[in-house]
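Trainee: Protein chains in written order, with this note's numbering: chain A, 1 to 329; chain B, 330 to 599; chain C, 600 to 923.
Please keep in mind that the hints were generated in silico from the structure rather than gathered at the bench. Each residue gets a CB set at the ideal place from its N, CA and C atoms; glycine is no exception. Please note that a few of the clues may not be correct.
[Stated by the list, open to error] Distance ranges between label pairs, derived from CB positions: (1) C:686 <-> A:156: 19 to 25 Å; (2) A:61 <-> B:505: 39 to 45 Å; (3) A:218 <-> C:678: 47 to 53 Å; (4) B:575 <-> C:668: 41 to 47 Å; (5) A:319 <-> C:857: 29 to 35 Å; (6) A:188 <-> B:377: 37 to 43 Å.
[Claimed, not checked] Listed next, the stretches of chain A that the computed footprint assigns to chain B, with coverage defined by at least 3 CB atoms under 8 Å from CB atoms of chain B: (7) 1–7; (8) 71–83; (9) 107–121; (10) 171–179; (11) 212–225; (12) 293–299.
[To be verified] Computed list of chain C residues with no C-beta within reach of chain A, every gap over 12 Å: (13) 684; (14) 698; (15) 706; (16) 707; (17) 718; (18) 754; (19) 771; (20) 821.
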Amino acid sequence: MLTYITRRLIMLIPLLIGISLISFLVIHLSPGKPTDVQFQFNQKVSLEVRERLEKLYGLDKPVLVQYGEWLKRMARFDFGRSFIDERPVTEKIMERIPITVTINILSLGLIFLMAVPIGVFSAVKEGSFYDRAMTVFVFVGFAMPTFWLALLLMKFFGVTLHWLPVSGMRSLQFEYYTFWGKLADYARHLCLPVCISAFTGLAGLSRYMRTNMLHVLRQDYIRTAKAKGLNQNRIYFRHALKNALLPVITILGLSVPGLIGGSVIFESIFAIPGMGKLFYDGVMSRDYPVIMGVLVIGAFLTLLGNLLADLAYCAADPRIRYSDEKQES
Amino acid sequence: MKKILKHKLAVSGSVIIIAMVILAILAPFFCRYSPDDIDIGQYLLPPSADHLLGTDQLGRDLFSRMVYGARISLSVGFISVGLAVIIGMFFGAIAGYYGGITDAVIMRFVDIMLCFPKLFLILALVALFEPSIYIIMVVIGVTSWMGIARLLRAEILSLKQRDFVLAAKACGVSDVVIIMRHLIPNAIGPIIVNATLGVAAAILLESGLSFLGLGVQPPTASWGNILMDAKFTLGIAWWMTVFPGVAIFITVLGYNLLGEGLRDTLMARK
Amino acid sequence: MDKLLEIKNLKTYFQYEDKVIPAVDDVSIFIKKNSVLGLVGESGCGKTMTALSITRLLPTRDCEIVSGEIIFNGSNLVDMREEDLRDLRGRDIAYIFQEPSTSLNPVLSIKEQISEIVWLHRKDIENSKEEEFIIQQLQKVGIKLAEEKINFFPHQLSGGEKQRVMIAMAMVSKPKLIVADEPTTALDVTIQAQILDLLNELKTEYNLSILFISHDLNVIGELADYIAVMYAGQIVEFTDAKKLIKQPQHPYTKGLFDCLPERQSGQNRKLNAIAGEVPKADNFPQGCRFHPRCSQVFEKCKKEMPSIFKMESGQEVRCWLYSK
C-alpha cells in the first residue's frame, strides 16, 4: 500500500506542472496584449488595468522568466492583491474556502446517503415499478437546470411559504442567538443550497450505483454465496454491496470539480459568501488576480479530492491494502 | 419488448429535438411579435390569447423571445459540441494510434484539463474575453472535448491490432487514411452517443452562463437570460420563471433520451 | 437401488421475448449414494445449467425450470419453496465452481467467508471454537500455514489454494452431495491432479456423493463410478463408468474417446476431432441433434429425434442405431 501511495503522490507532479502551464496560458490570453484586437474595442478593460496586470505578472519580461515567476507565485500561494479592495487574494480565498468546502462535503454526504439506497434497490428490484420510477427520476435529474430548480424552490419555500431564508448564511439577529440557535440558523440557511447542490449529483450517482450493483450481482461469488444457503438480504448487503460501493468512492472523488464549479451558480443565487461567489464577483468586476487565484486553487482542491478518494479506496479495498505482501505479477 | 421500449426512448427524444429545431428555424412564422419589441405599457402581462406566454418586464412578448431563444440554445449546443468533437477526435485519434510518448503527453493533458472545475475555466475565459454567443460556443467547445478524446483513444487502442488495420498498414496505406477510413468509422457509435449527451450538457451550460449574466447578452433573448430577468420578478410573474425553465428541461431531456436510446442500439451490437 | 438424487425429464429453458433456448432438454440421470457421477460434454452443452438447476441457482430471471422433477432424499426440489431450498443449499448439497478466483468474494477474508457457513449450518460449533474449527477445515484440504491464511483475502492465495478453500467451504456442513462443476479446469495440470486426489480422499472419508462435471474424459474416468455424456442439452449415453470406457456405444461418445491422444492407435497418431461444430442452443438441428456430425448417420436420424434406448448390458443410449 505504501508503494501505491508513493506512486500516487509522484503522479501529482506532472499534474501540478500542467495546472501551472494551463493557468499561465490563461493569463496570456488576458486582454491588453498588443496582439489582442479585442482590446481596442473593449471599454471595460482600460489601459490602467493592463498596466497593473503587466506589473503583477511581469508581462513585459521574456516568456520563460514570466513562467518562472508564475511558478514561484503558485508555490507560495501568492496571487497578488485584489484590484477591488487591494487585499491579498490568498487571504480572500482562504476565508471563503471553509464555507464552500462545508457545503460541498454536506452535499456529498447527502448524495451518498440517498444515491446508494436508491441505486441498490433499483438493481435488486430490477424491472419493477420502483426501478422504472427511479429511471424516470434519473432522467428528470439529468435534465433539470440547477439554477431553475433553485429559483423554483426559493419561490416556494422562501417567498410563498416563508419557511426558509432565501439568501445569505445567517440571519440579521445572528449575534444574539445561543450556540444551538446559531447552528439552527446556519442549517436553515444552508438547507436549500445543500439540497440543490446534492440534487445535481444524485441522479448520476444513483444510476451509477444501480449499474454497479447489477454488475456485481452477476458475479460468480454471488452465486457462491447463494449456493452457501445465505438469504437474499445477506447476499445483497454483505456480499454485493461492499463490492458495488468500492468504485463509488472514486466517483465521489471525480465529482469534486463539478461540485466546486457548481458552487458558482448556487452561491451567487443564494448570496452565500463562499469561493464560488468570490469567483463570480471577480469575473463580474474583471478582478483578474482573484480569478486566477480561484482558478488555481479550485484545481488544487480537485486534486486533493481525487487524492483523498484514492487513499480511501486503498484503505477500503483489500486487493490494494495487501498488495505489498504478494509480489506476484 | 425491451428493445422496442428502448427505441421508444430514442423516438420520443428525436420528436422533441425535431420539434425544437423546426420551431427555431421557422421562428418568424410562429411569432406575431418581434422578440425585441419593447412595449412598456404592456409589461408583465400574464399569458393570454394575445400574448401566449405573457410578457416580460419591458413588455416584450415572452413566446417570441422563447422561440428565438431556442435558436440560441440549439446553435450553441450544436456548434460547441461540434468543436468539442473535432478537438476530441483529433487528440484521441493521435494518442490512440501513435501510442508511446505522444499518448502519454496527450492523456496527461486530458487529466490536467479535467482538474480544473469546468465552470471555473469557462468563466475565467469568459472574463478574459467579453461574453458573447460566439465566445460561449468556443469556450464550451474547448472545455468539453476530453471525454471524446478518451473514448476514441480507447476504441482505437482496441481496434488498431485487428486484422483489417494491420492489413491496411501492410499495404502501405498512410496513417491519416487508416485513421479516417478504418478506425474512426468503427468507433463512431460511442462518439455519437457522447456527442448527443454533450449537446444536452452544452445547452444546460449556456443557459446557466446566461442566467449568471455571463453568457448570451441582452437584448438577445436566450432561455438563460430570460430566467435571469425572472429572478427579479420572482413571485410576481410566474410565467417568466416557469416557461423558460420548462423549455430548457424538455430540450435537455430530449437529447438525453436520444442519447440513451442510441447507446442501447448503437453500442449493444458489439 | 439407493438413489440420493434423481433428475427426471428436466427441462431448463432460457426464455427471451422472441425465442426459447432449450439449454437443458429432457435430462434424466441419477446419483447413487456414496458414488460419483461424471457428467461429460463439450462446453455449452448444458452441463452447468443442469448442475445449477438442482438447487435453482440459475443465473437470471430469463432462465427457469420448465418441467421435470429433481428428487433429492425423497423430496422434489423443483416445487420446493425457496426458503426450504435455501436451507438445503450449502447444508445437504454443496457446490464447487470452475473459477476459484472469481467464485470467492474479493473483499471478504477467507475466515469471513467460511464462518458464514459455520454460522448458518453448523450451529453445533461454539463461537469460541469457530476459528479453531475453520483452521482444521483448511488443514484438512491441505492448506499449509492455515493459521495465517485464515485472515488472507482471496487475491493473496494461489489458484490451487483458492480451489482448496472452495472445497473446504463445501465440506464445512458435511454435505450429502457435492456438485463439482469443472473444479480443475482453471488450474495447472499438476494442481489438477492434487485436487482430484483430494476429492477422492474426501469421498472415501466422508461417504460423499459427487456430481462431477468436466469436459475432460480422462479426469472423469479417474473419479467416476457412473458417466453421463451430454450433447446439445440432452443426455446421449448414461451408464456404468467401466462399461462406458470399455465399450462406448453412442457415436458421439466414441468420437470423444477417439479425440483422446493416448487412445489413438500406434502408427498414424494424428489428433482426431469430431468433424463439424457444436450446434448453438437457439438453432438445434432437426431429428437427432448429433446427426450433422455423426459418421453413422442414416435417413431416420435427420427426421426424428431418437429417444433413450436401454440395452441389455444396462447401458442407456439416445441413438437410432440401438432401437430394436
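Trainee: Against chain A, does residue 706 of chain C keep a CB gap of more than 12 Å to every residue?
Mentor: The assertion about residue 706 of chain C is violated, with a minimum of 5 Å to chain A.
Trainee: Residue 686 of chain C and residue 156 of chain A, beta-carbon distance inside 19 to 25 Å?
Mentor: violated, 53 Å
Trainee: With 12 Å as the threshold, tell me whether residue 771 of chain C passes as away from chain A on beta-carbon distances.
Mentor: About 9 Å separates residue 771 of chain C from the closest Cβ of chain A, which leaves it inside 12 Å; violated.
Trainee: Evaluate the condition: distance from the CB of residue 684 of chain C to the nearest CB of chain A exceeds 12 Å.
Mentor: Given a closest Cβ separation of 9 Å, the condition is violated.
Trainee: Taking 29 to 35 Å as the hint, is the beta-carbon distance of residue 319 of chain A and residue 857 of chain C inside that range?
Mentor: violated, 45 Å
Trainee: Since residue 821 of chain C was said not to touch the interface, does its Cβ keep a gap of more than 12 Å from each Cβ of chain A?
Mentor: holds, 25 Å
Trainee: For the segment 71–83 of chain A, does the count of residues with a C-beta closer than 8 Å to a C-beta of chain B reach 3?
Mentor: violated (count 0)
Trainee: If you look at each residue in the segment 1–7 of chain A, do at least three have a Cβ nearer than 8 Å to any Cβ of chain B?
Mentor: violated (count 0)
Trainee: Okay, the segment 293–299 of chain A and chain B, do three or more residues pass the C-beta test at under 8 Å?
Mentor: Held - the segment 293–299 of chain A has 4 residues with a Cβ nearer than 8 Å to chain B, which meets the minimum of three.
Trainee: Do three or more residues of the segment 212–225 of chain A come closer than 8 Å to chain B, measuring C-beta to C-beta?
Mentor: violated (count 0)
Trainee: Report holds if the minimum CB distance from residue 698 of chain C to chain A is greater than 12 Å, and violated otherwise.
Mentor: violated, 6 Å
Trainee: Please settle this one: residue 754 of chain C was flagged as non-interface, so is its CB more than 12 Å from every CB on chain A?
Mentor: violated, 5 Å
The earlier numbered hints that this structure contradicts are 1, 3, 4, 5, 7, 8, 9, 10, 11, 13, 14, 15, 16, 17, 18, 19.
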